[in-house]
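With these hints in hand, go ahead and build the complete structure from the sequences.
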Amino acid sequence: MTAEMAILTRGLTKMYKDILAVNGLDLEVRRGSIYGFLGPNGAGKTTTIKLLLNLTYPTSGIATVLGHDAVTESLAVRGRVGYVAEEPVIYEYMRVSDLVDFCRRTYTNWDMAVAGRYLDLFELPVGKRVKELSKGMKNQLALSIALGSRPELLILDEPTGGLDPIKTREFFKVILEQVAETGQTVFFSSHRLYEVERVADTVGIIHKGRLVFNKSLDEIKSNLKKVRVVFNEETSPTGLKDVPGVNSIIRQGRGWIIECDGCLEEIKAKLGEINPVDIEVIDMTLEDVFTRYAGGVGDGR
Amino acid sequence: MAGKGLWIKEIQAGKFKFLIGLLVFGVVGVFIPLTYGTIARLMDTVPIPAQFVEQAKLLKDYGFYIWSQWFGKNLYQFATIMAVIFGSGIISTEVSKKTIQFLLAKPIRRQEVFMIKYVVNYSALALVVIISTLALYIAVITTGHSFPFTVIMQNTVMALAGSSVIFSTSVYFSTVFDQTLRSVLVSLAVALMFSIPGLFSVVRDFSIYYHMSGYEIFIGKGFPFIPVIVMIIVSGVLYQMANRRFSRRDF
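Chains F and D supply the protein sequences, listed in that same order.
Take 1 as the starting number for the first sequence in this note's numbering and just add one per residue.
Take 1001 as the starting number for the second sequence in this note's numbering and just add one per residue.
In short, the hints are calculated from the structure, not lab data.
Using N, Cα and C, we set each Cβ at its ideal position, and we do this for glycine too.
Don't take every hint at face value.
[As the list claims (entries may be wrong)] Simulated restraints, written as ranges between beta carbons of each label pair:
| # | chain 1 | residue 1 | chain 2 | residue 2 | range |
| --- | --- | --- | --- | --- | --- |
| 1 | D | Met1115 | F | Arg31 | 26 to 36 Å |
| 2 | D | Val1237 | F | Gly67 | 34 to 44 Å |
| 3 | F | Gly67 | D | Met1115 | 26 to 36 Å |
| 4 | D | Met1115 | F | Thr108 | 13 to 23 Å |
[Said to hold, decoys possible] Derived coverage of chain F by chain D (criterion: at least 3 residues anywhere in the stretch with Cβ under 8 Å from a Cβ of chain D; other residues may be distant):
| # | stretch |
| --- | --- |
| 5 | 55-65 |
| 6 | 89-95 |
| 7 | 102-115 |
So this is what it looks like as structure tokens:
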């Protein structure tokens, strides 16, 4: 189980004084996947990442990254993980070339050709100091450095915060190409639903420190449906709430919205028995999922 | 291997502090022997109040002049300030500038990060002390005077041992406070408190600055091994405390 997981946590908990930042998190990220870690601000995304990299110590629970314990074998973890922080803060006084040199000497698996390729691709001026770069260029530099260490797992914490849509697109294009080429695992946190929907193959939603949703995008598309049903008379479909897979039944105007997970045919059959005027099946979007599980405070589309 | 980049990074990051320290110390070190003639002439020409006549006579003694102006005053005062400046920011600057996460996400043990930062910064401080004292000695020789080199060496050891205590104290506060300014201010306050025993002759032996000045060496009481050993042990304990705190805290 551990071997096929890039990230595995069990009961991972982090308490800061009286604030429960991560609350018994059970997370599984398969190797080779692109995992979008969604959650509203303050949900525990960054703390989870810090726990994985041993920047912060867990209060309880365990985390393994690439088969290594995140606390006791942290050095092995950090040698195989590339990390881009939210608004990456890099040594401002250094020249880009000095920074690359620093990283080259730090990682045993450093690949100058890979780092150089991305520095060229982003047209980063190696002779300039980091403080002279724009915010977008700093993000690109952080990504180039992260990829230069040829990581088996790339952890990105809100990597495109503050980037314009073109830079964001470019950023993820590079990641997708890199993943296609190397089969790396990517774990990235975000509160931008469109970003996750476009890039990730699996989505987890963290809310108040707990993982409240975890599915592949394929599963979301094929299983999660909204059924909008309208009746002529005062008929209610609330009797369906006991059907396994029905998540909610909500009145909306003259109709009802039934949210279901993998039980569409059964719902249709049951509805057929109570003579609806109209039945419409709608695919649930990630925004719908997010709204349902995290209270809908993401950036939406 | 992994720490090699950090050694170079720390040396690069500290080079301006080192050069400024060296410039200030070096100028003062050279200035003291060069101004002896002027000071001695002033003693002869300017009327000296009766209560300062004895001190003036002492200052005319070349050996006393060099010791009192360098080891007995400027060196330990500057070394204390430099120790606070070099030590107070080694962790807190990384935290306040938010670069600590970038650094600690690299495959280097926290203990190694701490050790490299400590060694590079203390070495810079020690080099400033040693080079500026050598500059003073060269200035003594080139102006046609002499001063026992063994006394120079022994006094330098005392200054280094004392400054290591101040430096380690500052490093400890650097792991406590996230703002470098706060770390500097608290370290300076503690450094000031260290001077209190020196004000009372009964407890003068507990004063770091008394030992840093090398007074006992100068008056011929020999090299004070016990205070040196105690200061090294105190520095070691402070190093361990700071290292432990840094290794176990959340960032």
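Against the structure, the hints come out as follows:
Between D/Met1115 and F/Arg31, the C-beta spacing of about 35 Å keeps the proposed range 26 to 36 Å intact. In this structure, D/Val1237 and F/Gly67 meet the distance hint of 34 to 44 Å, their C-beta atoms being roughly 38 Å apart. Here the CB-CB span from F/Gly67 to D/Met1115 is close to 29 Å, well matched to the stated 26 to 36 Å. Here the CB-CB span from D/Met1115 to F/Thr108 is close to 19 Å, well matched to the stated 13 to 23 Å.
With 3 residues carrying a beta carbon less than 8 Å from a beta carbon of chain D, the stretch 55-65 of chain F meets the three-residue requirement, and the given coverage holds. For the stretch 89-95 of chain F, the assignment as covered by chain D holds, since 6 residues bring a beta-carbon within under 8 Å of that chain's beta-carbons and 3 suffice. Here the stretch 102-115 of chain F counts 7 residues with a CB under 8 Å from a CB of chain D, which clears the bar of 3, and the coverage holds.
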